[in-house]
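Take the two lone chains and join them into the complex the hints point to.
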Amino acid sequence: MKYEIIVVGGGHAGCEAALASARKNHKTLLITSNIKNIADMPCNPSIGGPAKGIVVREIDALGGAMGKTADKAALQTKMLNTKKGPAVQALRFQADKITYPKEMLKTLNSTENLEIKEAMVEKLLVKDKKIEGVELENGEKILASAVILTTGTYLKAVILTGSTRKSSGPHGEKESKFLSDNLKELGFTIKRLKTGTPQRIDKNTIDYSKTKEEKGDNIPHTFSFDNIVYRQPEDQISCHLIYTTQKTHDIIKKHLKESSMYGGYVEGIGPRYCPSIEDKVVRFSDKERHQLFLEPESLYYDDIYIQGFSTSMPNDIQDLMVHSLPGLEHAKILKYGYAIEYDAIDSMQLKRSLETKLIENLYTAGQINGTSGYEEAAGQGLIAGINAALKLEGKEPLILKRNEAYIGVLIDDLVTKGVKDPYRLLTSRAEYRLLLRNDNADLRLRDYGYQVGLISEEKYKRFCQKKENIKSFEELLKSTRITPKKEINDYIETIPSTPLKDGISLYDLLKRPEVSLDNIAHFIHLDYTQEEQEQVEINAKYEGYIKKAKKEAEKMLSLEEKKIPENIDYEKVPNLASEARQKLSEVKPTTIGQASRISGVNPADISILMVYIKRNG
Amino acid sequence: MNDTIVAISTALGVGAISIVRLSGPEAIEIVNNCFKGKDLTKVKTHTINYGHIIDQEEIIDEVLVSIMKAPKTYTTEDVVEINCHGGIISTKRILETMLIHGARLAEPGEFTKRAFLNGRIDLVKSEAVMDIIDSKSEEANKLALSQLTGTTSNMIKTFREKLKQLLASIEVNIDYPEYYDIEIITKDKIKKELTTMKQELQKVIQESKNSTIIKEGIKTVIIGRPNVGKSSILNKLLEQEKAIVTDIAGTTRDIVEGEIYLDGILLNIIDTAGIRTTDDIVEKIGVEKSLSMIDEADLVIVVLNNNEPLTKEDEEILEKTKDKNRIVVINKNDLEQKLDLTKKSLENIVKTNANTVTGIQELKDKIIELFHLETIKVKDYTYLTNARQISLAKQAYQSLEEAEKSLQENLPIDMIEIDLKNSFDLLGEIIGESYSEEILDHLFANFCVGK
Chain A
1 MKYEIIVVGG GHAGCEAALA SARKNHKTLL ITSNIKNIAD MPCNPSIGGP AKGIVVREID
61 ALGGAMGKTA DKAALQTKML NTKKGPAVQA LRFQADKITY PKEMLKTLNS TENLEIKEAM
121 VEKLLVKDKK IEGVELENGE KILASAVILT TGTYLKAVIL TGSTRKSSGP HGEKESKFLS
181 DNLKELGFTI KRLKTGTPQR IDKNTIDYSK TKEEKGDNIP HTFSFDNIVY RQPEDQISCH
241 LIYTTQKTHD IIKKHLKESS MYGGYVEGIG PRYCPSIEDK VVRFSDKERH QLFLEPESLY
301 YDDIYIQGFS TSMPNDIQDL MVHSLPGLEH AKILKYGYAI EYDAIDSMQL KRSLETKLIE
361 NLYTAGQING TSGYEEAAGQ GLIAGINAAL KLEGKEPLIL KRNEAYIGVL IDDLVTKGVK
421 DPYRLLTSRA EYRLLLRNDN ADLRLRDYGY QVGLISEEKY KRFCQKKENI KSFEELLKST
481 RITPKKEIND YIETIPSTPL KDGISLYDLL KRPEVSLDNI AHFIHLDYTQ EEQEQVEINA
541 KYEGYIKKAK KEAEKMLSLE EKKIPENIDY EKVPNLASEA RQKLSEVKPT TIGQASRISG
601 VNPADISILM VYIKRNG
Chain B
1 MNDTIVAIST ALGVGAISIV RLSGPEAIEI VNNCFKGKDL TKVKTHTINY GHIIDQEEII
61 DEVLVSIMKA PKTYTTEDVV EINCHGGIIS TKRILETMLI HGARLAEPGE FTKRAFLNGR
121 IDLVKSEAVM DIIDSKSEEA NKLALSQLTG TTSNMIKTFR EKLKQLLASI EVNIDYPEYY
181 DIEIITKDKI KKELTTMKQE LQKVIQESKN STIIKEGIKT VIIGRPNVGK SSILNKLLEQ
241 EKAIVTDIAG TTRDIVEGEI YLDGILLNII DTAGIRTTDD IVEKIGVEKS LSMIDEADLV
301 IVVLNNNEPL TKEDEEILEK TKDKNRIVVI NKNDLEQKLD LTKKSLENIV KTNANTVTGI
361 QELKDKIIEL FHLETIKVKD YTYLTNARQI SLAKQAYQSL EEAEKSLQEN LPIDMIEIDL
421 KNSFDLLGEI IGESYSEEIL DHLFANFCVG K
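If you read the sequences in order, they're chains A and B. The numbering of the first sequence is this note's numbering, which starts it at 1 and goes up by one. The numbering of the second sequence is this note's numbering, which starts it at 1 and goes up by one.
Just chain B, with the same shape it has in the complex (with noise of 0.2 Å):
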């Protein structure tokens, strides 16, 4: 319970907000190393405070951060949570952001185990929740280690299999130092060495990356001028009320998600604020959110009003989605036609009238038919499967740029094992194997060494 934990804790999905809290000694520091406003560590306990959550330079969102200092907290712990925009792309964001700079993704019901250990939830209430814990904490090892393909696991396993066998090099240079016939590990070896190594971890990270559209979904964005129609378009492909609807333009502030199963391949559309110039600070926020999701967007679905003739917004959303996967849908169908659209030439249009069904399934259609055309490469994949895996292969590859730099500086090689053997360690977490004896192990069977 030294560390500190992180999980989103409200349910992903449709909602105005989402929190991710986290819980331990480093909460307080961790949030501050990527939050851009207040110095954290300098505000008083039990405040909220307003700001922005980065990764490096880039914005990831605009939250609030709630500082609760121990001991008065759930935890008993210095708590965190971050209030931030409910999508789940950008909670993810922040979470993957939380992992990398030190905190550990939480196991089931680790917040209420850790009020108990320290003493905030009395004996009768921890009875229940010791018995999820006990049950969840070996279901969810099994299910870590499960969701892990074969070609992944082995991957992992050949390459670190390369860095024991670095490791190894290194450790029998320095416990049989005068065995002459052993090969010195050079540092240039050693640069050469990492330089592939980093290479090759990249690339199953990037792949990761890539495979979330097998794993979790095409990013559809739909998006248009305020009270086109979007939401209701969302809420019939859903099937289902979600999304806030109602005829003020402009109530759908925050972007609102849904998942649907077309053809066995998730979508994963993401409603968005209407775009319209506007003063409202809150409301013009949501606008450039919804303009930025366009470039994540694997899937744009540009919604016009038939009632209205094309605006400039319009246009504007045009040429911006000119470049993506795009299908434009023409709403309102059973309204006059005051849209003119003769002028343009635009492929993968549908028309509908969402406060029917008119026109959903031409859209669907549309949505199987164009990633049809697309080529999207299901098998063969090499990639991590969760946050928690993704997050350890990139603090491996930061431990291997570590190990680097402090080449290039010129650090002695019991500096730079230090982070080579982080890095075998984590990679070890991925596929679940702890360090014990291993690199002893391979050095003892592959030099010859002994009095």
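Chain A extracted, bound-state conformation (with noise of 0.2 Å):
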């Protein structure tokens, strides 16, 4: 049997890319160890939050799936940071952590060309450095002509509490022991990586009289630009918040050693933006209390998540911590917090579209390189999966740039600067983030939906028609003008705004910060949708800054169309220091975009390589 597309591991990464590939067309092949576990959201229910949310809009806008699956999964929804400005405005999902595995499975089980296989690879099949399929556990061999690696938290897990060390996946599930080494042989470096997630907590033993109550946003959100609402706002589930206690930080403080993590147990290294409760009362030990969020999983079963309490004690100190909180002082734990190492490779070893140097047709996306977070996870997979599908039809792959989207953004991290810790997206990893908004995520990256094939027709036409809605929705602006009249300068002094001397367009009217569309909608009828109007206030109010950040990426790009020839020998360029010399070789950059952005190489280091790429080209 042979395939065209093999995606190997059916977490977020791997439905993204298996989905994009199948639906572009290639006969493709998931394989889990685990059907049960497919989009599986083994820590926290929720999806999105600051740069993340935006991510999903970004998967949506490009024709793949996690955004849908989200609106359908939705327990409560969010617009995060509504009052700092709209570069930082993200959807924040609590999702269904049933349900949305569920219509994952649904989606993927009802798309052509795709075809599901419970078992374990081990091995990859390479000859003259090119992917040609995957060995089995029981020795079977699968061919394919490419080969997607979404493996997760799964190569060599060991799962921790305290002094226990277990070789396990998540859930128990079994870890993968060999495809590391198989790994290491074919090349590639692998680091040690870890995280952890917190306990999960009977609802019925909560006494929730001693939390407060947060409840999600009163108007609806969707993630995906189809719009469609499935839960109303009326209907959402609440999480709850409580805080440590002084007894919670010294039951910590004497059992520190016992935790795996200052007991000396762990080899990983852990992610700087998620520390466990030890690590918080450790480096942050002038803080009375920290918060946490109880967080409901599903509607399906009693788990409650602990936001923020992410642990590796032994069970019976968990116990003790658990009870040292206020409201759960009863509370029965369903499952122990733990931390779980496991191995990934070096993500400089990668290319742009996510094929691995060393390897012609194998990709990998998702937690094997380094990253953390189910968003970050699909939004790897999505394009792993497009770009092996461009590979086979021999086009050129899909690069998203640091201007389009927070995908780039992760990307280029990845491949140009490496992790050393698990790797999060975050707002101010991004230059242009005034570009890269939540609510332009389509206009951003629709067309390159369209282009690779994700986009049907239909979508498409539609999306057409919203840009040109826009288009005439500002021409309007522009072109109606209103003039100082007394009762036109009445209405202004109520907004409250400085009434008109000269007459102005609408345009110019909305660019005054305290002027709203419903403003406008004084003077005109606005036939426009919300999203429509949305694009054109935010143009019109930032106008100056947007300019200034597109003249910003302008630059950059510039420099991303200088190409660096890919069999250059830096050994070769006469006066680089030999710091930009290691760190050029190491990483290969693909363009002089990319390589100014290699810490350790500074711009003289580029005028060289420029002037010698141009004498030698």
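Certain hints may be false.
What the hints assert, rightly or not - Partial list, computed: chain A residues near chain B (C-beta under 10 Å):
| # | residue |
| --- | --- |
| 1 | LYS78 |
| 2 | GLY85 |
| 3 | VAL88 |
| 4 | ALA90 |
| 5 | TYR273 |
| 6 | ARG289 |
| 7 | SER428 |
| 8 | ILE482 |
| 9 | PRO496 |
| 10 | GLY544 |
| 11 | ALA549 |
| 12 | GLU554 |
| 13 | MET610 |
As the list claims (entries may be wrong) - Below, computed lysine-lysine pairings styled on DSBU-like, alpha-carbon distance capped at 30 Å:
| # | chain 1 | residue 1 | chain 2 | residue 2 |
| --- | --- | --- | --- | --- |
| 14 | A | LYS471 | B | LYS42 |
| 15 | A | LYS548 | B | LYS198 |
| 16 | B | LYS312 | A | LYS550 |
| 17 | A | LYS511 | B | LYS187 |
| 18 | B | LYS351 | A | LYS550 |
| 19 | A | LYS551 | B | LYS421 |
| 20 | A | LYS83 | B | LYS366 |
| 21 | A | LYS395 | A | LYS335 |
Quick caveat, the hints were computed from the structure, so don't treat them as lab data. All C-beta atoms in this analysis are idealised placements derived from N, C-alpha and C, irrespective of residue type, glycine included.
Rendered as structure tokens:
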């Protein structure tokens, strides 16, 4: 049996990769160790958040599945950072851990060209530095033209609680024992990373009177540009806020050495942005309390996730810790927290298409590349799937630029800078975040989605209509003028805003920070959708800043256009600083722009490099 | 090669004119933004245009601007050349103005490098140029950094540290919006911080300007009516023939500079066109400029002719310079004394005959005496040492101002942050530190966030 593309792993990266490949009409096989765990959410029951939420929008704009699936699984929806400006707003959903995987599996099952197989891959079949397929645990060989590895935390996974180290994937699933050794043999640098997860508590044993209720927004939100609302605001499920106590901190300090981390049982490097509760108590000892969110995991079972309490303490200490929390004095722990260690490859060994530099037609995406987070994984999976398919079609890969998508920032960071600790997207990683907004993800990326064949004609037509409406709305506002007549100025003063001295267009009026679209509606009938109006408003209000950001981005882009030949030998480039020489040889940047972002490569090195390329080109 | 570069492309010092040259996509726009005259964005290529370079409202110099549009130029990019009156001071001010308006100071050999990279120069030619660039860029980098005094770089670092903290506080609010225990950075708080930061940065920029006395010398202006021997005195001071000296009144129409070291302090001497009432337009400009030089000077040397009675113009000059550090030189002492100063109570008089060296040493001594009387703070100065650094600091200051303006207009925090970040990056450029993940590192080290 021969497939065109094999995807190894059924997590968020694997699902997007397999769907993209199959939807692009390539015969695809998704291999997972357990079909029940397809699109599993082994950690927090939420999708989105700052930067991450925008990635979900981007995935939807490109034709991926995460946004639509999250909409179906929504328990609570929130727009974050609404008061901090359009550039940093992002959606976050509490998502049902039963519904999400179920809906994703439905989507996979209803996709043509896509088969799912339950098995464990332990070896890659490689010939002349080109992938030929995979070998399963039982020795069976399955051939394919391209393979995408999305193995998550399963490579040599070890679960840690206190001094106990147990070889196992999440949920006691079988880990992959030999694949990372195989990768090592093939020349990949293997890194050891760590992450952790908190306890799950029985919701019936929580005294909610001691907690503060956290509700969702009272207007509906969707990740997908299809805008179908599955959970109405009034049907949302609440989260609850509590704080750690002095007693909690005393217990942690007393038993610190018993935790895997502080007992010295951990080899992997944990994420900075996601410290365990032990870390928080130690590193921020002056803080009297740390906040914790009690988040429901599903409508179909009773587990409550304690966000902010991830730990690697032994189970008996975890009992003490949980019971020291307000409202959780008598809580029943359904699952204990744990730390998990796993192997990852060095992401600098990847091209920007997510194809490995070492083996042709082998792609990797998600935690195997050193990232963390469902959204980061899904974004990479989608790109790996698209690019594996494009490669087989003999086409150029889809490489999103830093000014086009958070996914572009993510992948560029991975392949250019590499990771030390598990990588999480943050808005501050994006230089042009004013361009990478939640509201304009479709305007940025839908064309690409259509070009690669993941957006249907009908959807694309709808999108083009939206673009036209935005344009005509803007033109309408620009061409409609108001004059300083008394009744007009009287109204403007009620906004309140400064009365007019001369006539101005409505567009210019909208530029004033205090003037809203509602005020504009006082003058003309607004026959456009909310989304269309929002685009015009943002463009008007932040015009100067958007222009600045675009100008900066253009500078970066012109460097991106300058390609570095693949076979360049940095040893032969005269006068390069030795650190730059070493870093350039390691990263093998494909453009001058990418080279300039490598730490240790300074502007003088870039000049020298440009001259060398020109001279030898 | 996407930005616009600028440099003074004639040798600094004595010369009838100097040229400030720009190359790059925004060359025309940048010059146009500080040009009073025709709209340069609308003129034809390869034309010369008359006008003035202005800094906001103030006229810096009267200039001729050559517009050369891509691709038929030296670099094959848009090139603009500003022909200005060759004084160091006005040329440097024009350069600074271009930097503030968005041009970048060219590296050594960069115009040629661009010409090469754009395919304008052939390979053989380029080999030589490239060796220069290869060696020079590194040197230039080292030089720029070593020129910074420890105090300055520490000060910029501290300053940047403050901005970094502010930025990290804003970022943590954005990336971790629901951490109720983390202080929400209010606009009031940012406003407060901005005010102090702006004051401090302003001080640095101001002190850097003051410090030019030490680094760039005492701005000394020689002034007097035509043909009283100003240029001759200058030449004797410089001990070389740099200014044009003739017997025809009004020859020195351009301001001419020379440098001498007296007791380790640099004297930057500026000769001026003679002051007289004139109908000649070119000369008139020279005269006006001479008078305006008085205001900028640290020291004024007024030259009077021993052989002629005091004229109205002399009186005017003496009146205009009475509050300055001033030395009155009575020249042409070998000729008959017709000058009568008995009614004037003038200090610091030196008698010379500039055709010989008579009195020149006394003049030098007088200058030394005068500046020993002055207390100049030579040490403990916090200052930026070159035009690049000062212009970066000014841009950083402008970004803070823009952030402040956005705050006043009540724009959201993500917009304000853009200007703050920009300011942070610019300060980093001064001390050679570029942004990597500093803000993130700071964020994770100082705020307790995570799942």
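Do the hints match the structure? See the list:
no.	hint	in the structure
1	LYS78	9 Å, holds
2	GLY85	3 Å, holds
3	VAL88	5 Å, holds
4	ALA90	9 Å, holds
5	TYR273	6 Å, holds
6	ARG289	7 Å, holds
7	SER428	5 Å, holds
8	ILE482	21 Å, violated
9	PRO496	12 Å, violated
10	GLY544	9 Å, holds
11	ALA549	7 Å, holds
12	GLU554	7 Å, holds
13	MET610	7 Å, holds
14	LYS471/A / LYS42/B	29 Å, holds
15	LYS548/A / LYS198/B	22 Å, holds
16	LYS312/B / LYS550/A	61 Å, violated
17	LYS511/A / LYS187/B	21 Å, holds
18	LYS351/B / LYS550/A	65 Å, violated
19	LYS551/A / LYS421/B	16 Å, holds
20	LYS83/A / LYS366/B	67 Å, violated
21	LYS395/A / LYS335/A	47 Å, violated
Checked against the numbered hints given earlier, the structure breaks hints 8, 9, 16, 18, 20 and 21 and satisfies all the rest.
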